[in-house]
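Protein sequences appear in the order of chains A and B.
Taking numbering that gives the first Met the number 0, the leading residue of the first sequence gets 0, the next gets one more, and so forth.
Taking numbering that gives the first Met the number 0, the leading residue of the second sequence gets 0, the next gets one more, and so forth.
No lab work stands behind these hints, which were simulated from the structure alone.
Certain hints may be false.
Unchecked claim - Computed footprint of chain A on chain B; a stretch qualifies when at least three of its residues, placed anywhere within it, have a C-beta under 8 angstroms from a C-beta of chain A:
{"hint": "1", "segment": "3-9"}
{"hint": "2", "segment": "253-267"}
{"hint": "3", "segment": "294-307"}
{"hint": "4", "segment": "407-416"}
{"hint": "5", "segment": "419-431"}
{"hint": "6", "segment": "510-521"}
{"hint": "7", "segment": "593-605"}
Stated by the list, open to error - Cut-off 27 angstroms, straight-line C-alpha distance, at most; resulting in silico cross-link-like pairs (BS3-like, lysine-lysine):
{"hint": "8", "chain 1": "B", "residue 1": "Lys457", "chain 2": "A", "residue 2": "Lys330"}
{"hint": "9", "chain 1": "A", "residue 1": "Lys4", "chain 2": "A", "residue 2": "Lys318"}
{"hint": "10", "chain 1": "B", "residue 1": "Lys549", "chain 2": "B", "residue 2": "Lys25"}
{"hint": "11", "chain 1": "A", "residue 1": "Lys177", "chain 2": "B", "residue 2": "Lys318"}
{"hint": "12", "chain 1": "A", "residue 1": "Lys334", "chain 2": "B", "residue 2": "Lys285"}
{"hint": "13", "chain 1": "A", "residue 1": "Lys425", "chain 2": "B", "residue 2": "Lys425"}
Using N, Cα and C, we set each Cβ at its ideal position, and we do this for glycine too.
Number of protein chains: 2
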Amino acid sequence: MLTYKAPLRDIKFLMNDVFDFQKHYKDLDNGENADAETVDMILQGIADFAENVLMPIYQSGDEEGCHFDNGVVTTPKGFKEAYNQFVEGGWQGISYPEEYGGMNLPMSLNLIKSEIIGTANWPWSMYPGLSTGCINTLMQYGTAEQKETYLHKLVEGSWAGTMCLTEPQCGTDLGQVKSKAIPQEDDSYKLSGTKIFISSGEHDLTENIIHIVLARLPDAPEGTRGISLFIVPKFLPNAEGEVGERNGVSCGSIEHKMGISSSATCVLNFDEAVGYLIGEPNKGLKAMFTFMNTARIGTGIEGLAHTELAFQNALPYAKDRRSMRTLSGVKDPEKVADAIIHHADVRRMLLIQKAFAEGGRSMIYHAARYADKMSQGVANGDDAEFEKWDDKLGFYTPILKGFLTELGIESAKHGQQIYGGHGYIKEWGMELIARDARIATMYEGTTGIQALDLLGRKVLLQSKGKIIRDYTSSIMRWCGEYALDKDMRKFVWALTKLCAEWNTLTVRLMLMARKDREIISAASDDFLMYSGYVMMGYHWARMAAVAYDKLENGGTEAPEFYTAKIQTAEFYFDKILPRTSGHAEGMVAPSESMTAMAIENFAFLD
Amino acid sequence: MLTYKAPLRDIKFLMNDVFDFQKHYKDLDNGENADAETVDMILQGIADFAENVLMPIYQSGDEEGCHFDNGVVTTPKGFKEAYNQFVEGGWQGISYPEEYGGMNLPMSLNLIKSEIIGTANWPWSMYPGLSTGCINTLMQYGTAEQKETYLHKLVEGSWAGTMCLTEPQCGTDLGQVKSKAIPQEDDSYKLSGTKIFISSGEHDLTENIIHIVLARLPDAPEGTRGISLFIVPKFLPNAEGEVGERNGVSCGSIEHKMGISSSATCVLNFDEAVGYLIGEPNKGLKAMFTFMNTARIGTGIEGLAHTELAFQNALPYAKDRRSMRTLSGVKDPEKVADAIIHHADVRRMLLIQKAFAEGGRSMIYHAARYADKMSQGVANGDDAEFEKWDDKLGFYTPILKGFLTELGIESAKHGQQIYGGHGYIKEWGMELIARDARIATMYEGTTGIQALDLLGRKVLLQSKGKIIRDYTSSIMRWCGEYALDKDMRKFVWALTKLCAEWNTLTVRLMLMARKDREIISAASDDFLMYSGYVMMGYHWARMAAVAYDKLENGGTEAPEFYTAKIQTAEFYFDKILPRTSGHAEGMVAPSESMTAMAIENFAFLD
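One chain only, chain A, in its complex shape:
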């Protein structure tokens, strides 16, 4: 019963009116490939595929789930056909170099693609999504030979890839990884160990699967400094570069999960599997972390995707379902009751979803431009350029991942709530969105890890607060331009106040942390959410400014489109931004509130 239409008008508003992607593309080596016409064609093609091929198999895929039989994983009905169409359309390689069969378009288009296909069918989109991680690793760290061997097939999509990090005893704390890699005489390695939670670890969509695996060399130092990265193909490529001998990696089982049940989450057993070192020995974790930004933004997109899907499906129900009369007077006198969209509380939930979807998309698109530059650094083998943009992106990553995925859960919840009891029934699909959205705050680093990365690492350790000073200065400069603008001043005054507060809070936490390191963990979640709400407020103010401008000077859209942007911004500032108050107060609470209780006194159940 769920439906999806790619929000192309909102997407183009951001690409053309808010961020001017065409101007940005002019600065990129591969930017000329992304002229306006090509971008339109790509967007339309992805939208068609998502709406007509992926959406129809989303609910049925969840119901059927993946099948596991003696090491073989079969994806639900229609998944393979959809994947074949995806490969035929060349969609896997749109942002990879032409020498490997890609279209060499900017990476931002790949992120925009992820949103559209992910909104239509998140679990399906994980299959090509995981390949991306594998491709990125090979692009940046593979030898010429490794690239030649694997990238053609992966970029084409006829082979898929995975990232094998987690083991039963550790997820976040990869220093505990135990998988072993024993060097062989021919420069290969034999890998043994168990990896769990491997998305797309085994499936029937492609003829081969290339695993990127974290493991330890025999002489490796303990902890995170002794982890290396290996390529372990399911089938070893033969001399012709085609599928050869079966390797010693097998799927032991698939997980039964709350949601994303059509995405195979695998236990992979490596039993003297042949592997090849990629990158430098013992530097695997560092290499891994260079992809964290893109992988985590990819998960941030999941938050956006589920927000958008919940909104798109709550809206028609709210227009259709009738209950009671509206407090301000009868709205549909000829009907037995008013449509529930007339009730302010229902509008509140819809507007939260709308504000989160369009605000979140703006945040992602802003970051996507950094991803373009970063990816250009990789393509040119220019480490300095890569690192410069990777660093810049590093501030946004934990916010996009941590904050937007939390909003995805909240939006899915509102979607169910608007349906009343029907929101709990499988047939309608709203509960599926809620179940699928739930994973996003757990994988690719929990919200707690994002929060610690933001406050502990990026804000306090690496920049001593400078990153917040810089970011808020840029907001305040922007606000300054509108200080006397009668339309915009309500937004910019509120934002300016928040910028000042954000700095003050950062300084307070910095001072507190000097004496009490635990305050960083204690405050981190409030700091993350606070940062997210303010950042999204800035994006809404910018969108409102563009909308006012278009209303005055004419735009490609009807006036109602821009008016709705302004009204959503107003709603966001009136009803959502106040949430910052609680987080501001909460984050400076003494860490003792959390640390004082002795472990054995949390419960008295005996």
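Given the coordinates of chain A, work out where chain B should sit on it, guided by the hints.
Just chain B now, kept in the frame of chain A:
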């Protein structure tokens, strides 16, 4: 993998130290039945049953779900055996009169029972739970003959009951009910229509099911004033009072749901089913509403139950799972990493759960004493007494239902989050708690309905704000006693400030509502959550005061028990109460933020 221990020490702390239930019971007609020894015995018996019989079939029941075959519903393995044990123990009737086979204990013990069995296995507990609604209806509105015919079996538990309200076109807005009741010559009626979402509508646990059904008489006025209440047994009782002829009510299907899959949610088709009017014609909705308070508090208990269960199962995992080192220094030097319970952010989540569970329980127990008085009014046929206490309870009901169920969802989410990726895997059970908890904000009136009931009906319409003035005065009087107490003053100052704010906000909303009725709906969710947080703050302050007193003057528990109460109160005031700020700001936002957008401008997807 889930486990449960009834938190008897916390329960007794509330019953004995905080609220002095023994003193309260002395004022009740049936209070002498509830001497300390009996209460202990009852609690222990329920705890044993919940821990050993219900918990072991909770996860398996979810996995198996209910079976539907041609009108017959079969509950999962073990459900019937557990139900038989429940009947044998006499647990269904503990708070009903001895003349019908009950134990005639105060109604509060029934609520406490609901928490314990509901925490162990919420969906199972819905079978006897729905019977309670049916019993209460018969107790208050049944004729002597109707009581005699049905109450013995229902109180015993060998027959079960339901409440049949919702139809496909309406849930909340019962004025739209279409089911028809045609009078017959023998004083019976023939009912026809379709009811949906009927919990326990059909099952194999009992030999008969007694449906209480809302339907319209042929000459009934339109809307809510034309609804009557009927008794429709699955099998008509024969002359001996045993199961006789099959009636024309049948189960058309059961719903496939996000959770509570072992609780049968039925479509019931009434096809000229024989029914008997209960109460006055066309006064069915009013009769129904007299049970809303208890039914809704019962759902509030679900919020508490899922909070408690999520907490009890997150705690051992947080002690067991090891990841990283704690920011304030290594905590488990002999281990590969520190247990995650040492991280302040993990403690934050555990303490939220703990604060919500123990605070929520305190709020329920407070209200349970009103339920005792109310139920005494029913037993004595004293309408005035019933209404007096029903009115008092009416202020607490939307908060207990609306607020505690939202907290249940949040607590279950933290439970999953503490498990990281394992929180998403069925085997661990944390995801089941989250799926089951999700229904609680939708049935028995959504959170939006509770919010409207609280702000629109109870606070503004019925009392013009007096109810808030009275409640906050009582808090402030209590605070006054501790104003100079060095331990307590941090709590009472914060509470006093909030009480003042709560009144100011109420007055502001009242003034706004004079010109703009829609503000009531627009502000209602923020007002509900604000009220809940302040009320829970008051309960935590009271528990802290008792704990300080026991620490000084000696109590039945070890000092650590009381210290933990105080530490949890401190956590609540430091980290949770700040949430009121955002709600305070948000609730007085202009309703235009929600109402301004034209319906057709919510999305531009064509």
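Given the hint that Lys549(B) pairs with Lys25(B), does the C-alpha gap stay at or below 27 angstroms? Holds, at about 24 angstroms.
Given coverage of the segment 294-307 of chain B by chain A, tested with a Cβ cutoff of 8 angstroms and a minimum of 3 residues: With 0 residues close enough to chain A, the hint is violated.
Given that the segment 510-521 of chain B was listed as covered by chain A, double-check it with a C-beta distance under 8 angstroms for 3 or more residues. holds (count 7)
Within 8 angstroms of chain A (C-beta), three or more residues of the segment 419-431 of chain B: holds (count 8)
Verify the proposed pairing of Lys457(B) with Lys330(A), using a straight-line Cα cut of 27 angstroms. 25 angstroms, holds
With a cut-off of 8 angstroms between beta carbons, are at least three residues of the segment 3-9 of chain B near chain A? holds (count 4)
Between the alpha carbons of Lys425(A) and Lys425(B), is the straight-line distance 27 angstroms or under? 18 angstroms, holds
Take the C-alpha atoms of Lys334(A) and Lys285(B), compute the straight-line distance between them, and say whether it is at most 27 angstroms. 24 angstroms, holds
With the threshold set at 27 angstroms, check whether the alpha-carbon distance from Lys177(A) to Lys318(B) stays at or below it. 22 angstroms, holds
Is the Cα-Cα distance between Lys4(A) and Lys318(A) 27 angstroms or less? 17 angstroms, holds
Verdict on chain A covering the segment 593-605 of chain B, criterion of 3 CB contacts below 8 angstroms: Check passed, 13 qualifying residues.
Are at least 3 residues of the segment 407-416 of chain B within less than 8 angstroms of chain A when you compare beta carbons? holds (count 4)
In summary, the one numbered hint that this structure violates is 3.
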